[in-house]
Amino acid sequence: NAGVTQTPKFQVLKTGQSMTLQCAQDMNHEYMSWYRQDPGMGLRLIHYSVGAGITDQGEVPNGYNVSRSTTEDFPLRLLSAAPSQTSVYFCASSRAPGEQYFGPGTRLTVT
Amino acid sequence: GDSVTQMEGPVTLSEEAFLTINCTYTATGYPSLFWYVQYPGEGLQLLLKATKADDKGSNKGFEATYRKETTSFHLEKGSVQVSDSAVYFCALSRSGGGADGLTFGKGTHLIIQP
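Protein chains in written order, with our numbering: chain A, 1 to 111; chain B, 1 to 114.
Don't take each hint at face value.
So the derived list for chain B, only partly shown, Cβ under 10 Å to chain A, looks like this [as the list claims (entries may be wrong)]:
1) GLY1
2) PRO10
3) THR20
4) TYR36
5) LYS49
6) ALA53
7) THR103
Hints were generated in silico from the structure; no laboratory data involved.
The C-beta atom is built at its ideal place from N, Cα and C for all residues, glycine as well.
Extracted from the complex, chain A is given alone in its bound form (with noise of 0.2 Å):
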C-alpha cells in the first residue's frame, strides 16, 4: 500500500495562475480531506469529501475548489493563485470520521 500521496511536493506560483494539487489514496477509504497548515495556526480544514460524488466546505475554502469523482482521487483547485495561499497543504483519508492518514505534503509558494 502506498497510502496517501500527494504530488506536487513543491510548487512555485505566480499571482493569478491556477493549479491542481493531486492526492490519491489506495486504501478504499470514503473520507478524505484537505488542510492547509501555516505556522502559528496549526491545521486548518479546507474542503472534505464523505464518498464519491459528495464534497462540502471546511473552515477556510475560499479561492479552492474540489471534486471527487472516484473514490480514489480528491483533486484541490486554486482558481487564481493569491500570495495568501502559501502554504503547506495535506490530504488526508479515513475510513471513519476522524482517525485520518495523512500524506507527505504540499509545499506552495505564491510569489
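Use these hints to put chain B onto chain A, whose structure you have.
Below, chain B without anything else, positioned relative to chain A:
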C-alpha cells in the same frame, strides 16, 4: 464552534525527563480526541486516540486520558528520548458520525536534548 487549545512551545527537555503537553477542548456533543505527531519534513501520523470519557489512549510509551469533566486530553510520557523530538498536535472530531474532518490545536514543538 469547536476549538482545541494546547500549550505553546517550544518545549525543551532533557533525555529521560517526564513529559506533559496540555490540551483542552471546546465542543458540542461527545467528540473523539486524538494526538498526532509530525516529524520534520513529514506529514502527520496518528499517535493515539480516545473515543469516550475516561478512555485512555496509549502508543509508544505515550498516554492520554479523555477527561470530560475538565474537557482535557493531556499527553504524557514517562521518559522521553531524542527521537521524540517533533511537533505534537491535539485534535478532535465531532461525534454522531460527523465526517467533517478534524479540528486541530496549533501544535507544540518538542525538543529533546541528549
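Comparing the hints with the structure gives:
1. GLY1: holds, 9 Å
2. PRO10: violated, 12 Å
3. THR20: At about 19 Å, which exceeds the 10 Å cut-off, the nearest Cβ of chain A leaves the hint on THR20/B violated.
4. TYR36: holds, 8 Å
5. LYS49: holds, 6 Å
6. ALA53: Cβ of ALA53/B sits 16 Å from chain A, so the hint is violated.
7. THR103: holds, 8 Å
Of the hints listed earlier, those the structure fails to meet are numbers 2, 3, 6, in rising order.
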